[in-house]
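Order-wise, the sequence lines are chains A and B. Mapping of the first sequence onto our numbering: residues 17 to 129, in sequence order. Mapping of the second sequence onto our numbering: residues 6 to 121, in sequence order.
None of these hints come from the bench; they were simulated from the model. It is possible that part of the hints are untrue.
As the list claims (entries may be wrong) - The calculated PhoX-like cross-link candidates involving lysine-lysine, where the alpha carbons are at most 20 Å apart (straight line), are:
{"hint": "1", "chain 1": "B", "residue 1": "60", "chain 2": "B", "residue 2": "19"}
{"hint": "2", "chain 1": "B", "residue 1": "60", "chain 2": "B", "residue 2": "71"}
{"hint": "3", "chain 1": "B", "residue 1": "69", "chain 2": "B", "residue 2": "25"}
{"hint": "4", "chain 1": "A", "residue 1": "83", "chain 2": "A", "residue 2": "72"}
{"hint": "5", "chain 1": "A", "residue 1": "116", "chain 2": "A", "residue 2": "83"}
{"hint": "6", "chain 1": "A", "residue 1": "116", "chain 2": "B", "residue 2": "60"}
{"hint": "7", "chain 1": "A", "residue 1": "58", "chain 2": "B", "residue 2": "46"}
{"hint": "8", "chain 1": "B", "residue 1": "69", "chain 2": "A", "residue 2": "116"}
{"hint": "9", "chain 1": "B", "residue 1": "71", "chain 2": "B", "residue 2": "25"}
Said to hold, decoys possible - Some residues of chain B that are not near chain A, with every Cβ distance over 12 Å (derived):
{"hint": "10", "residue": "32"}
{"hint": "11", "residue": "60"}
{"hint": "12", "residue": "77"}
{"hint": "13", "residue": "90"}
Unchecked claim - The following label-pair restraints were derived from C-beta to C-beta distances:
{"hint": "14", "chain 1": "A", "residue 1": "61", "chain 2": "B", "residue 2": "34", "range": "44 to 52 Å"}
{"hint": "15", "chain 1": "B", "residue 1": "60", "chain 2": "A", "residue 2": "129", "range": "46 to 54 Å"}
{"hint": "16", "chain 1": "A", "residue 1": "61", "chain 2": "B", "residue 2": "60", "range": "27 to 35 Å"}
{"hint": "17", "chain 1": "A", "residue 1": "96", "chain 2": "B", "residue 2": "90", "range": "20 to 28 Å"}
{"hint": "18", "chain 1": "A", "residue 1": "31", "chain 2": "B", "residue 2": "92", "range": "38 to 46 Å"}
{"hint": "19", "chain 1": "B", "residue 1": "14", "chain 2": "A", "residue 2": "68", "range": "33 to 41 Å"}
{"hint": "20", "chain 1": "A", "residue 1": "129", "chain 2": "B", "residue 2": "114", "range": "23 to 31 Å"}
The beta-carbon is built from N, C-alpha and C at its ideal position, and this holds for glycine as well.
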Amino acid sequence: QKEVEQNSGPLSVPEGAIASLNCTYSDRGSQSFFWYRQYSGKSPELIMFIYSNGDKEDGRFTAQLNKASQYVSLLIRDSQPSDSATYLCAVETGGTSYGKLTFGQGTILTVHP
Amino acid sequence: GAVVSQHPSRVICKSGTSVKIECRSLDFQATTMFWYRQFPKQSLMLMATSNEGSKATYEQGVEKDKFLINHASLTLSTLTVTSAHPEDSSFYICSARDSGGRETQYFGPGTRLLVL
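Pulled out of the complex, with its shape left as it was, chain A reads as follows (with noise of 0.2 Å):
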């Protein structure tokens, strides 16, 4: 089982549609979560983090956790074509392993007019 999974892509959606992005850990010790949008050829843009339970918001994006389940999610709100690119979900665990962050394999969204 691969420590940090992101649902298969890739997504496709219309220009105003929400996305939805999803990403399960295998590690239950793991403390913070990272969403990070990488553009082609780019190195990844850090687009949110989420340390608590429950939902943060922060413009069109939502992240969600759900410790129980060892579910992180990213919904992406009135999608815009500018929003295509691969999105990176990154777990870091605690521990002697502080401060790594494991990634999953991405997932490409394609925002089509």
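Using the hints, position chain B against chain A.
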């Protein structure tokens, strides 16, 4: 947000040569920096954790004698790919952890290495 720079952004070299990549945190101090490698259509793979003033910690399967890491100050870490070979061609990305804030990692723009 915090800014991390990398230099060079792109390098082409002959097989057998060594290449040094610099990673700098421009507006914050980073006790810890990370080095990742990303092959086409794959996710980021952590190579090593670089700690200021101490030896780097390498991930399993990463040769520490081939990928030399030096973290000489709170704003600079370097990765040297020694005796590079074509299979080392990849996208190398560093990240810096903001020690003063909530300790979020910020990524540099990456260095694309092509070994001929």
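Of all the hints given earlier, name the ones this structure violates by number, lowest first. Numbers 1, 14 and 17 - these are the hints that the structure violates, sorted from lowest upward.
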